[in-house]
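**Student:** Residue numbers (the working numbering), protein chains in the order written: chain A, 1 to 411; chain B, 1 to 411.
Errors might be hidden in some of the hints.
[Said to hold, decoys possible] Here are the simulated PhoX-like pairs of lysine-lysine, each with C-alpha atoms no more than 25 Å apart in a straight line:
| id | chain 1 | residue 1 | chain 2 | residue 2 |
| --- | --- | --- | --- | --- |
| 1 | A | Lys264 | A | Lys274 |
| 2 | B | Lys175 | B | Lys199 |
| 3 | B | Lys350 | A | Lys10 |
| 4 | A | Lys264 | B | Lys25 |
| 5 | B | Lys398 | B | Lys329 |
| 6 | A | Lys267 | B | Lys10 |
| 7 | B | Lys406 | A | Lys10 |
| 8 | A | Lys267 | A | Lys25 |
| 9 | B | Lys25 | B | Lys399 |
| 10 | A | Lys10 | A | Lys28 |
| 11 | B | Lys398 | B | Lys23 |
| 12 | B | Lys267 | B | Lys350 |
| 13 | A | Lys274 | B | Lys10 |
| 14 | A | Lys264 | B | Lys10 |
| 15 | A | Lys175 | A | Lys122 |
| 16 | B | Lys10 | A | Lys122 |
| 17 | B | Lys175 | B | Lys329 |
| 18 | B | Lys28 | B | Lys406 |
| 19 | B | Lys307 | B | Lys199 |
| 20 | A | Lys25 | B | Lys264 |
| 21 | B | Lys25 | A | Lys10 |
| 22 | A | Lys25 | A | Lys406 |
| 23 | B | Lys264 | B | Lys199 |
| 24 | B | Lys23 | B | Lys350 |
| 25 | B | Lys267 | A | Lys10 |
| 26 | A | Lys122 | B | Lys122 |
| 27 | A | Lys350 | A | Lys410 |
| 28 | A | Lys122 | A | Lys25 |
| 29 | A | Lys23 | A | Lys34 |
These are calculated hints, taken from the structure and not from any lab test.
2 protein chains.
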Amino acid sequence: MTRINENFLKLSKSYLFSNIATKIKEYKALHPDKEIISLGIGDVTQPLSPASIEAMHAAVEEMTAADTFRGYGPEQGYPFLREAIVENDYRPRNIELDASEVFISDGAKSDTGNIGDLFSNKNSVGLTDPIYPVYIDSNVMNGRSGDLIDQKWNNISYYRCTAENDFIPTLPTQKTDIIYLCYPNNPTGTVLTKAELKKWVDYAITNQSLIFFDAAYEAFIQEEDIPHSIYEIEGAKQCAIEFRSFSKTAGFTGIRCGYTVIPKELKGFTEEGKPVSLNELWHRRQTTKFNGVSYITQRGAAAIYSKAGKEQVKQMVNLYMNNASFMKKELERFGLNVYGGENAPYLWIKTPNNISSWEFFDQMLCNANVVGTPGVGFGPSGEGYFRLTAFNTPENCKKAIERITKWLSKV
Amino acid sequence: MTRINENFLKLSKSYLFSNIATKIKEYKALHPDKEIISLGIGDVTQPLSPASIEAMHAAVEEMTAADTFRGYGPEQGYPFLREAIVENDYRPRNIELDASEVFISDGAKSDTGNIGDLFSNKNSVGLTDPIYPVYIDSNVMNGRSGDLIDQKWNNISYYRCTAENDFIPTLPTQKTDIIYLCYPNNPTGTVLTKAELKKWVDYAITNQSLIFFDAAYEAFIQEEDIPHSIYEIEGAKQCAIEFRSFSKTAGFTGIRCGYTVIPKELKGFTEEGKPVSLNELWHRRQTTKFNGVSYITQRGAAAIYSKAGKEQVKQMVNLYMNNASFMKKELERFGLNVYGGENAPYLWIKTPNNISSWEFFDQMLCNANVVGTPGVGFGPSGEGYFRLTAFNTPENCKKAIERITKWLSKV
């Protein structure tokens with residue numbers, strides 16, 4: 001009898017965004033004439049940069065002749081892309097990495113999910129709350145979460161981030177082995193300064209903890225003094241893995257590319273306390289259970305580091321950040337409390353009159369035909385909040401805000 | 001202290017093909033003038049089909065405008081590809097599948113590795129020996145393998161396949177929960193008839209076992225009565241997951257696409273014996289820890305099902321199978337015992353004079369400048385055998401055979 005991993009049964013049957021998709025589908029079936037604007041799932045809308053397009057056409061063309069054809073590439077990614085990342089994403093910030101510390105993948109979602117393979121189930125896990133659901137769900141699947149009691153998994157520590165503490169999480173009081181941090185934050189759009197992030201790095205070094213730092217949104221940072229990489233903080237190479245994505249930076253949600261940095265000096269430990277290179281473990285995991293990213297995709301990703309590519313990507317980021325800025329200003333002018341949106345493409349809105357975030361979702365869908373994401377979908381501290389993304393077109397963002405404010409002014 | 005998954009430490013430090021790559025590199029450093037022909041790693045050499053090229057260019061072009069741009073696709077793959085698979089790979093063989101039973105991925109290696117997430121570590125595992133190393137290594141990582149004793153993991157059952165039993169594995173005498181079968185087989189290139197495969201399906205149904213059927217090489221089958229899919233066998237939908245790949249069929253080793261079929265009627269069980277849909281579990285795994293395959297890749301894959309695409313892919317398969325046929329004939333004429341190569345692009349050669357497979361590797365590299373894969377790299381029953389692939393150009397295959405026979409005639 002083939003027995004399943006029963007941890008899967010602990011999960012609610014569907015993923016947050018599937019639930020939302022179902023609600024939209026049901027609404028559309030009843031109201032086929034309504035045009036719905038989605039500021040829900042964090043998907044981009046702008047076409048790819050011409051630099052990436054050109055590079056991908058060229059890569060497709062290479063596949064037409066035997067002498068330029070590319071078969072299996074290195075599982076860890078082509079040197080041209082790993083080196084471009086080191087050169088462009090890290091060196092200008094005075095972070096020295098070797099290309100062998102950068103692992104190309106099909107996206108940060110896969111890597112933040114699969115990284116759990118490397119670690120014992122005995123580790124304690126902590127994360128800021130609210131948070132990207134994949135961190136938690138992948139730990140539930142792995143058997144690290146314990147049981148769900150009052151909306152929280154009892155083997156996971158939740159670091160509450162709400163308006164009350166300015167969305168700045170408090171350091172754990174107990175020893176925690178693995179800590180997930182995502183900054184700029186999804187879903188709240190808030191950031192940590194270098195000084196705040198340093199507290200976490202110091203904690204991790206002192207406690208021999210490991211930080212999983214998800215920097216998928218670093219390209220959206222506008223202000224000085226906000227770290228783009230955790231390795232800007234001294235000592236972080238001893239205690240942090242960094243995840244990055246081309247999805248939001250370069251509009252690659254449909255192309256699938258990201259990367260993970262595991263410095264060579266970063267160690268995990270055996271039960272007996274023997275240090276083991278995490279770079280080597282991940283290398284082994286990826287060579288065994290992964291076979292690299294499409295050559296075409298990697299060429300497209302590398303193109304954003306060309307002179308033209310950089311400029312084009314910057315324009316894309318600016319367009320989304322202009323959306324965020326506009327929406328934030330308008331909603332604040334209307335009297336709502338809006339967080340984030342300054343260094344991240346997400347607005348985190350306090351629901352008016354303390355209504356629940358799902359109630360706000362339903363009302364906004366029905367009355368404004370705008371879709372967002374209920375804050376509680378990201379964890380218990382998200383209750384009473386609502387996420388809007390800035391990834392739509394300027395026209396749709398404007399229209400959405402008009403509809404939302406018109407609806408709310410009637411309530 | 002962050003503790004690692006110590007199962008990783010049980011694995012030998014490097015993967016078979018990394019070892020081979022190192023040996024080649026060392027030889028090249030000492031003999032920079034020598035031209036080496038690789039018939040080692042199963043990588044293809046022919047350019048992609050024009051149909052796939054055209055489809056991928058068109059897909060890249062769609063990414064240039066907001067109204068045709070594609071962001072996140074369904075994690076399970078686009079309906080156009082899932083439906084084309086059902087329609088072309090299964091319906092003509094009288095296998096009825098729903099598109100929701102087909103999950104698109106970045107390749108069979110990822111899926112055969114990740115599928116382990118779904119199952120309890122208490123399951124017993126069995127596999128034919130020799131075999132594709134990923135099946136074993138991913139079970140070692142998961143903690144299902146036990147310890148390595150005399151080249152075998154003591155919690156894994158090995159079904160010996162050698163010339164002595166015509167490479168037909170004997171059914172397990174003890175209950176085994178999960179059984180890996182790969183047919184046409186990598187590395188031996190041998191196949192099972194429908195009657196032989198039926199014995200395994202019947203065993204699995206009787207014992208409530210699950211078969212992981214890797215059919216990555218089905219496109220190379222030339223003979224009648226050899227099943228392309230395990231679902232050609234009655235009852236297999238109750239007991240088998242099938243893995244397929246575009247890597248070898250369509251030359252997609254560098255493009256990365258494969259798929260996994262999990263019929264809705266296929267169940268795993270809780271400890272208490274409650275049946276659970278494996279289709280639903282995999283759906284949950286993939287939506288949580290995976291984010292779909294590049295749209296461009298999926299368009300390229302779907303194009304092989306067009307009329308032109310089918311013809312072009314068939315020509316590619318024929319070219320490789322002509323290589324296999326030529327090499328087999330020549331080596332047999334020379335007096336070697338050669339297996340496989342009739343329904344698969346792999347030749348499985350008995351090493352002459354019973355020398356070890358690594359010794360044969362070293363000698364062939366040094367004396368013929370041809371690279372193959374030592375049989376023992378695929379498991380203990382591979383000792384005394386050697387794998388050559390037919391994936392090179394006809395010219396190189398011819399040259400390689402000339403060199404090998406010239407070298408061997410001198411020994």
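**Student:** Now tell me if each hint is right for this structure.
**Tutor:** Right, here's what the structure says about each hint:
no.	hint	verdict
1	Lys264(A) <-> Lys274(A)	16 Å, holds
2	Lys175(B) <-> Lys199(B)	14 Å, holds
3	Lys350(B) <-> Lys10(A)	51 Å, violated
4	Lys264(A) <-> Lys25(B)	23 Å, holds
5	Lys398(B) <-> Lys329(B)	12 Å, holds
6	Lys267(A) <-> Lys10(B)	18 Å, holds
7	Lys406(B) <-> Lys10(A)	63 Å, violated
8	Lys267(A) <-> Lys25(A)	47 Å, violated
9	Lys25(B) <-> Lys399(B)	21 Å, holds
10	Lys10(A) <-> Lys28(A)	31 Å, violated
11	Lys398(B) <-> Lys23(B)	23 Å, holds
12	Lys267(B) <-> Lys350(B)	41 Å, violated
13	Lys274(A) <-> Lys10(B)	15 Å, holds
14	Lys264(A) <-> Lys10(B)	21 Å, holds
15	Lys175(A) <-> Lys122(A)	13 Å, holds
16	Lys10(B) <-> Lys122(A)	19 Å, holds
17	Lys175(B) <-> Lys329(B)	41 Å, violated
18	Lys28(B) <-> Lys406(B)	21 Å, holds
19	Lys307(B) <-> Lys199(B)	36 Å, violated
20	Lys25(A) <-> Lys264(B)	24 Å, holds
21	Lys25(B) <-> Lys10(A)	49 Å, violated
22	Lys25(A) <-> Lys406(A)	24 Å, holds
23	Lys264(B) <-> Lys199(B)	23 Å, holds
24	Lys23(B) <-> Lys350(B)	22 Å, holds
25	Lys267(B) <-> Lys10(A)	18 Å, holds
26	Lys122(A) <-> Lys122(B)	18 Å, holds
27	Lys350(A) <-> Lys410(A)	18 Å, holds
28	Lys122(A) <-> Lys25(A)	41 Å, violated
29	Lys23(A) <-> Lys34(A)	14 Å, holds
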